[in-house]
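Protein chains: 4
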Amino acid sequence: MSFSVAVAGASGYAGGELLRLLAAHPDFDIRTVTAHSNAGQPLASVQPHLRSLAHLTLTDTTPENLAGHDVVFLALPHGKSGEVTAQLDADTLVIDCGADHRLTSEADWAQFYGGDYFGAWQYGVPELQLSTPTGSIKQRDNLVGARRIAAPGCNASTVALSLVPGILAGVIEATDIVSVLAVGPSGAGKALKTNLLASEILGSANPYAVGGTHRHIPEIAQSLRAAGATDVSVSFTPVLVPMSRGILATSTARIVPGTSADAVRAAWQDAYGSETFVQLLPEGEFPRTADVIGANTMLMGLAVDEAAGRVVVVTAVDNLAKGTAGAAIQSANIALGLDEATGLPLNGVAP
Amino acid sequence: MSFSVAVAGASGYAGGELLRLLAAHPDFDIRTVTAHSNAGQPLASVQPHLRSLAHLTLTDTTPENLAGHDVVFLALPHGKSGEVTAQLDADTLVIDCGADHRLTSEADWAQFYGGDYFGAWQYGVPELQLSTPTGSIKQRDNLVGARRIAAPGCNASTVALSLVPGILAGVIEATDIVSVLAVGPSGAGKALKTNLLASEILGSANPYAVGGTHRHIPEIAQSLRAAGATDVSVSFTPVLVPMSRGILATSTARIVPGTSADAVRAAWQDAYGSETFVQLLPEGEFPRTADVIGANTMLMGLAVDEAAGRVVVVTAVDNLAKGTAGAAIQSANIALGLDEATGLPLNGVAP
Amino acid sequence: MSFSVAVAGASGYAGGELLRLLAAHPDFDIRTVTAHSNAGQPLASVQPHLRSLAHLTLTDTTPENLAGHDVVFLALPHGKSGEVTAQLDADTLVIDCGADHRLTSEADWAQFYGGDYFGAWQYGVPELQLSTPTGSIKQRDNLVGARRIAAPGCNASTVALSLVPGILAGVIEATDIVSVLAVGPSGAGKALKTNLLASEILGSANPYAVGGTHRHIPEIAQSLRAAGATDVSVSFTPVLVPMSRGILATSTARIVPGTSADAVRAAWQDAYGSETFVQLLPEGEFPRTADVIGANTMLMGLAVDEAAGRVVVVTAVDNLAKGTAGAAIQSANIALGLDEATGLPLNGVAP
Amino acid sequence: MSFSVAVAGASGYAGGELLRLLAAHPDFDIRTVTAHSNAGQPLASVQPHLRSLAHLTLTDTTPENLAGHDVVFLALPHGKSGEVTAQLDADTLVIDCGADHRLTSEADWAQFYGGDYFGAWQYGVPELQLSTPTGSIKQRDNLVGARRIAAPGCNASTVALSLVPGILAGVIEATDIVSVLAVGPSGAGKALKTNLLASEILGSANPYAVGGTHRHIPEIAQSLRAAGATDVSVSFTPVLVPMSRGILATSTARIVPGTSADAVRAAWQDAYGSETFVQLLPEGEFPRTADVIGANTMLMGLAVDEAAGRVVVVTAVDNLAKGTAGAAIQSANIALGLDEATGLPLNGVAP
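Residue numbers (the UniProt record's numbering), protein chains in the order written: chain S, 1 to 351; chain P, 1 to 351; chain D, 1 to 351; chain Y, 1 to 351.
It is worth saying that the hints were derived from the structure and are not from the lab.
Keep in mind it's a predicted model, so treat the numbers as computed, not measured.
Hints may contain errors.
[As the list claims (entries may be wrong)] Now the stretches of chain P that chain S is said to cover, found in silico as 3 or more residues with beta-carbon under 8 Å:
| id | stretch |
| --- | --- |
| 1 | 114 to 120 |
| 2 | 176 to 185 |
| 3 | 209 to 215 |
Backbone N, C-alpha and C define an ideal beta-carbon position, used for all residues, glycine too.
Whenever a hint applies, use it, and build me the whole structure from the sequences.
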């Protein structure tokens, strides 16, 4: 079976990664690639690493060009997806890699993004545990048959998956969470900003959005609340480091007093023991971002720091792959009834 | 005035930085450089960047070779300084850049290092505030005329200086401190370990000593207690990132309920407003490690995250310079009665 | 059809890349992975990025452990393959990624490597043009049905493929070739050497084997002579730069006087116009190593510098992939009668 | 003695390095710093590493603001210096770090730059040997008392100093020179271009200006001709690599037949044996860029490749320091009658 696919925003980093992964997927046929200022150019001149797609040419990102495909992936700047998708068929599977359809709270949207609010779609994090009145499920159950899916923010899904097992199991507190992330600049896209120049980032670690202003904070809190947390506080600090891809998130939370280290570890083991793409490493092992580059894989290491009374979860992910494009394709696989792992690489490119 | 100087461990990274800074110091005359396996080699073959010292030859690290100097700097592996210094004259100024003389608690030493305990010397962090029965002082007061000084651990002094002002002023809590550091591999020295190979670190963020095992934790706690904290808990996670030098420490602590953001900021402003080498940036600005490379400068940015109820202090330092060798020389300046800033660079090498 | 496979030297970088590519190959079944000092360990503890192979355990590199497979890949230090392979069945396909079986000249071996000479095997560079009395062929013709194949040196095959088209077409001179390569440290393996430490390589460009001493020089000359060159001189300088993988080779040769720029370009176009994995970019475009990371792809850009009378060929390759493991698997595909491109990625992982 | 100084273009990388070095110079008093779009901002917000100059504010780059200083350093985009300098006093020392006043040939200017030609000034490379009818001199002789000096192109001075000794001594040929450079992106300035983004450069080696189009080529040829070469051909290829600063130039030239290796080496030894800032390393040693970061030092290693009939000179320099700002200040020292080495660092910041 082959599904026809269009990718909007194909000239950017997320768009390029969607194409790289889609090109290796047996069930997707990339028909259309669109862009804004690069429309009219051969794809190969903008994404020269995509040799197998060198026959494609970028066209304009218009509803007309995106119409008529089974699946449309959007990798557009925040605020741009809403307009486009309103004009696509309801039975077209649309996966938005932007933020426009992630937040269920219009107030959060207004505070952290602003502009028109487009409403939330199904959240594209299959492994995310949800608390329901009848017990916990995983978000993948909600993705079956979905036709509108919001791929997650890379930092947000990383932190949420790092901590939700402990929330759901009641072994950690949702207040006083602290998460500090070492992130590569590709997450910020190809925007021409001085602080993203190579000379600024090589040989340096540069913090940004310090003090509670990062846009992924409400998205994290939303996932923690969906796992049952009522009172959530997250101190979140991203630090740009000199690697093109990758997130290494160090997230800590207070352990509920009286909980044993084994019980803490068991919560994560229960959550991810049977998952393919989210793996908990053996005790005492911690992941490096190199281990997941190019892969749809999230690796976690967990330590219980008894002196500090905190669990420390260190999680490695490729922001462009499992963080964005991989999550989008994994979600599309589920929505379309394909095997969830179809076409998605599990092994990282290291060293 | 010129003081004769010997540097032991001159073939390593800390030794090299000591020499680079000492070579630019108007009052020090480098007479002797010693090493272990590189003894007998020209310094220039091991430290080819030190062109102005190309006339020196490495000799063995023995008490005999170190004797007869006004000042001896030690940059030896942990556990090696104790033996050597016992045989140096009491009126020789000895500055140990290793850990052997930092911890005042033998129990901490036994737990985190092990082996013979040599006792604590004056701690070489001049800007560190100390709580005393008669009011707060700074550690520089204790360094005047000292003849045995322990230069700090680079991570430890960075985190301590980041948080002590809030402790001393009573505006933050010492429990539930979380500190995550992006660090360059030069802090780990020239040891031949697989995890320090370039192929392992390029393009990757690699955590280590996760979960409360890092040796700088008791050193941090010691400084916080000296500032008046009674109940201290620190979750501390270092992450190796692909830059040769530099530490970017993101440290957060709960704000004492009822404290205004202005009062929080004022604590740090009071602590460092008149300091040369530890500077608080204006509100809304945060430092990059590039800004302090090669300099004896520590830069801090501070944010009050009201939603999280935490202060976030982001601090940049060059682990080899202000983190180790610069602190050592600054302390030596004080001990010898020189102007504290003599010979120490304030401006970083950026980009 | 499924071939059973063993990989010797599975704990190193080349071995890891063989496994990463083999794991994605539909016709190979990895049964055995061997190592030296890491024997007995789970593969995942040494190669944590290979999640799909986490069930494997490293065994000792012995003829017994390697026996009984359809295909054996060797990624051993130079001088170690010869002993092992002598004891493998003649009808086992053996691909050596080391240097032991590359050089046809025992004198070259003695001069550049030394130790026992084991004789040359078929050279695993399918796209390499060879001059024969009856016209040119490509090396892939010699690989069909082969059972002993020497995968190339990564630098050597890169430079040879960069220049052989011009030699064979008679448009460039083989004397006065100059090639300078920016290379990542993974090509040097996991050896614990000070000059391979991250602190030595981050932020620095470091030359090595300057002045005609690099071991890949005779291998390059051998390929140029096989293309018809009689008098060969190659000035070859590799420079380590801070990227884990990748070679960017800038190779120049004098253009035969009277040759038009079009005729020069045509030689390369003729050589590679129908190749999948060696591609000449359009005029005016030049490759970056990022474009080929993780891929079995070599990209070339060519310029005719009329003022200098030289062709400049800039070639990008992933030293571990197309430079080593990819070439090995591509050659194995041919030897076994599979489609040459089976299981090999064409698209690079960028950015 | 203190000279008042203005720096135009103080918000860029070259301007920042001028300020860093000037701040450490005992005889210069930085009074004025000017910029274009950043005028009005505190210097510290644009150059946060220059802590000792945090009291300065950027003003507009106008002749009025630059007037009235003893020395004016210009770090402006190409084509911008000419207009400004025409309005400065003839007895003001003006050092232009741009290209406007480097080329003595208007035809070269027209071919490689275009726009108004402003004429050549004294070339700011003190160590450059010149052939004169009465014997060789060095360019520093021409700088004494000069009031208009053109600081060199960083690549151009590096290649010229690498090869001129052999040209002047008659031991190498000026035809068929090949030079390939690994360069950091800071040489391209703070321009907002996609190819200078961190995501494009991290983990990758990227060639540019391939095939004889780089603007430093005529500047190199000019220096070689000034050393006596008549027929010059230079194949020149720069490669961007992931380090913020530094040039590692590998330059090769054919040795004049019959010349001994000793005679070749002697030419460079004679040229630089008594120089402070241009040093030839002992035989068999080659420099790394890390060894010269932040320093006004150029290090060379030289090999005679007898098989290739070529000398290979590998030269490391910091493009911003000795390559630009250091050369400018060194030249200013000479012009003003100060000791040539005043205020200039000799030791690099490594690792």
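Original post:
In ascending order, which of the hints set out earlier in this document are inconsistent with the structure?
Top reply: 1
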